[in-house]
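Start from the sequences, fold in the hints, and give me the full structure.
With the sequence shown counted from 1, adding 123 to any position gets you our numbering.
Keep in mind that the hints were calculated from the coordinates and are not lab data. Hints should not be assumed to be uniformly reliable.
[Claimed, not checked] Quick list of in silico lysine-lysine cross-link-like pairs, BS3-like style, CA-CA up to 30 Å: (1) K400 <-> K535; (2) K497 <-> K535; (3) K220 <-> K625; (4) K535 <-> K257; (5) K529 <-> K494; (6) K257 <-> K371; (7) K238 <-> K216; (8) K481 <-> K511; (9) K475 <-> K501; (10) K481 <-> K452; (11) K453 <-> K428; (12) K494 <-> K238; (13) K535 <-> K328; (14) K428 <-> K494; (15) K428 <-> K475.
[As the list claims (entries may be wrong)] Label pairs and their computed distance ranges (CB to CB): (16) S561 <-> S190: 33 to 41 Å; (17) N406 <-> H320: 43 to 51 Å; (18) G469 <-> G429: 33 to 41 Å; (19) Q577 <-> Q520: 32 to 40 Å; (20) E337 <-> E512: 54 to 62 Å; (21) L441 <-> P258: 27 to 35 Å; (22) H320 <-> D378: 30 to 38 Å; (23) Y646 <-> E206: 41 to 49 Å.
Even glycine gets a Cβ: it sits at the ideal position worked out from N, Cα and C.
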Amino acid sequence: MNKYYYWVLVMGLSALMGCSSSVNKSTDILQMRLGGEPSVLNPILSTDVPSSEVGGLIFDGLFHVNSDLQLEANLITTYNVSEDHLVYTFSLKPDVKWHDGHPFTSEDVVFTFNKILDPSTNTVRRSNYIINQKPILFEATGPLEVTVSLPQPFSPFLLHMGMGILPKHLLEGVDINTATFNRQPVGLGPFKFHSWHSSQFVRLKRNEDYHRGEVRVAEIIQKIIPDQNTALVSLERGEIDRAGIPAKDVPRYRDQPELDIYEYYDLVYTYLGFNLKHPIFSNTQIRQAIAYALDRQIMIDSVLKGMGQEAHLPSSPLLWSYPEDDRIKKYAYNPEKSRAILAQEGFVLNAKTGMLEKEGVPFKFTIITNKGNKDREKICQLIQQFLKEVGIHVDIQLMEWSAFLKVVNAYKDPKEYDAVVLGWSLGLDPDLYAIWHSSQYPRGFNFIGYQNPQVDRLIEQGRQALQQSTRREIYAQAYQAITQDAGYVFLYIPQSIVGMNKRVKGLSKPGPAGLMNRIEEIYLVE
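Structure follows, in C-alpha cells:
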C-alpha cells in the first residue's frame, strides 16, 4: 500500500532514452514517470515518493486500500478481533510465493514488524507500532497464522498492517539499513524487480505467480524524469504513458488526441513549514504574521489556474475527520495585520532598504524546496513577493531531491534549514502522530520540531478512542491547536490532473486511491 508525499534535477532528453523506441510502442510494456531518484527500495526504510511508487509495485501488505477508500483483505483470508480490541488473529493466504519462489509464511510477517520495532533500524514508521511507549507484539502462532497483541486499543492499527512485508529468508541476520536487498528487492507484489539504472529508469517484470491473479502487463519501466517540462515532452512523444499535468497546461493537453485527462481531488496539501528551532521562527506571533501576509487565493489562481482550494489544517474535506466548524484559525489574507504583529514584536522598517530589522539585524530567511517541481518553485516566488510587501527578505534555494532529503531527514537538532515548501499526502486515518507528535523529532516526519504537550495528549487520545464521533472531536481540538501554533502555513489543496495515453486500459475510477489502484488489471492496446 503506497503512501504519497510530494517532495528533483534537470536532465537532458538524451539521458531519458535508456530504452529503445521499439520499447515505447510495445503493448507489453507500460512506461511511467518517476519524479526523482528512489532512495531505497525497502518499504520500511523509504521516506520519499519515488521509492514508494516503485516499492508499491514490488511489495504487498496484509491489507489494501481500494478505490472506495476502504480497507480490503490482501495477503490474508480472514481476521478476528477480541472483544477488548487488544488481540488480532490473522489467517494468511496459502500458496503465496516470494518472487524468488520461496513460500510466504507467518514468519515473514512477524520478521517485518519486529524489524520496524528494532531500534537499530533506520525507519520513521516505528511509532505506528508503539502505543504509549509500549510495542505491539507479533507472534507466529502457526505457519499461516499471526497473532498480534496490543497494549491498549489502537484505532489506526489495521491501516498500518498494509505495510509491505519483507522476506525473512533473505534479510535475517543482515544489516537491513545497508543490505544489497535495498537496491535489488524481492517482494510479493504484482511486479518483480529487474534492474535499476541510476538517473535513468527502474525496470520491473510481471510476477507470473501473483496471488491476486494474472498480471496483464509484461513489464513496467519507470523513467526518472525530475523536471516537469521534460516529463510533458516525453508524454507528448509517447515515451511515457502517464504524467501529471500542471494546471496551466491543461487546455493544451485536452486537445491531444492520444491522451485522456483525469481530474480529481487527492488526499494532499501543500504548505510552508518553519524550522521551529530557528531563533526567529520559535516565536508563534512571527509565524502568524507570515501566515496573514500570504494570499492563498492568488496562489491558487496564478499557479493552479483555479484548480484547487485553500488549505487551513492538516486534513482533507474528503475525510470523515475534517471539521466543519469555526474553531480552526484560517489566517485570511491581511497584510496590515501582518505588519502590525511584526511591529509589536519589535521589527522596524529600514527606510533605505525597505526591509524590516530588529536591533539592526534584517529579517530574512531562506526557503528550500525540491528542484524541478515547477508549481513549488512558483509558490516560493509568490511567498517571496508577498513577504517583501511586509518587509521580509526571502531567498529561495532549489535542491536536488537526494540533497533535499538529507537536509530535512538529518538526525540533527537543530536541523540546517530555515523554512521549506512541501506537500504531504494523508492516510485514511486522521492519526497525526508521525508528523505532529513531539517524539517524532528529529528522527521522524516531524522535521520542523513541533512541540505542544496538549497536541501530544490529543494525538494519543485519538489513537486510543474507538468511536468515530469521539475521535472527530479529539482531532478537531488538535487541529485547532496546530493551526493556532502556525508551525505550518497551510497553503492549498491542488486538484490532481493526470494525462494518460489512450492505449492504457483497465484503469480504476479517478480518485485518491489512484487510477492504477489495481495495477494487475491494467492492459495496453495498439
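Going through the hints against the structure:
Of the supplied pair hints, the one linking K400 and K535 holds, its CA atoms being roughly 11 Å apart against a limit of 30 Å. A C-alpha spacing of about 29 Å is found between K497 and K535, which places the hinted pair at or below 30 Å, so the restraint holds. Restraint check: the Cα-Cα separation between K220 and K625 comes to about 34 Å, which exceeds 30 Å; the hinted pair is violated. For the given pair, K535 sits about 25 Å from K257 by alpha-carbon distance, which is consistent with the 30 Å threshold.
In summary, the hint linking K529 to K494 is supported, as the alpha carbons are separated by about 14 Å, within the 30 Å threshold. The straight-line distance between the Cα atoms of K257 and K371 is roughly 49 Å, outside the 30 Å bound, and the hint therefore fails. Among the hinted pairs, K238 with K216 is consistent with the structure: their alpha-carbon atoms are about 22 Å apart, no more than 30 Å. For the suggested pair K481 and K511, the alpha carbons sit about 16 Å apart, so the restraint of at most 30 Å is met.
Between K475 and K501 the alpha-carbon distance is near 28 Å, which keeps this suggested pair within the 30 Å criterion. Only pairs whose Cα atoms come within 30 Å are accepted, and K481 paired with K452 is accepted, the gap being roughly 27 Å. A threshold of 30 Å between alpha carbons decides the hint, and for K453 with K428 the separation of about 22 Å falls inside it, so the pair holds. Proximity of K494 to K238 is assessed by CA-CA distance (about 33 Å); at most 30 Å being required, the pair is judged violated.
With a C-alpha separation of about 39 Å, the suggested pair K535 and K328 falls outside the 30 Å cut-off, and the hint is violated. Annotation: proposed proximity of K428 to K494 holds, straight-line Cα distance about 21 Å (limit 30 Å). For the hint pairing K428 with K475, the CA-to-CA distance comes to about 36 Å; that exceeds 30 Å, so the pair is violated. Evaluation of the 33 to 41 Å hint for S561 and S190 yields a pass: the beta carbon distance comes to about 36 Å.
The beta-carbon spacing between N406 and H320, approximately 47 Å, falls within the hinted interval of 43 to 51 Å. Our hint of 33 to 41 Å for G469 and G429 holds, since their Cβ atoms are close to 39 Å apart. Under the hint 32 to 40 Å, the C-beta atoms of Q577 and Q520, about 34 Å apart, fit the expected range. For the pair E337 and E512, the supplied restraint of 54 to 62 Å holds, since their beta-carbon distance comes to about 59 Å.
Judged by the Cβ atoms, the range 27 to 35 Å given for L441 and P258 holds: they are separated by roughly 32 Å. Against the hinted window of 30 to 38 Å, the Cβ-Cβ separation of H320 and D378 comes to about 34 Å, which satisfies the hint. Checking the proposed 41 to 49 Å range against Y646 and E206 shows it holds: the Cβ atoms sit about 45 Å from each other.
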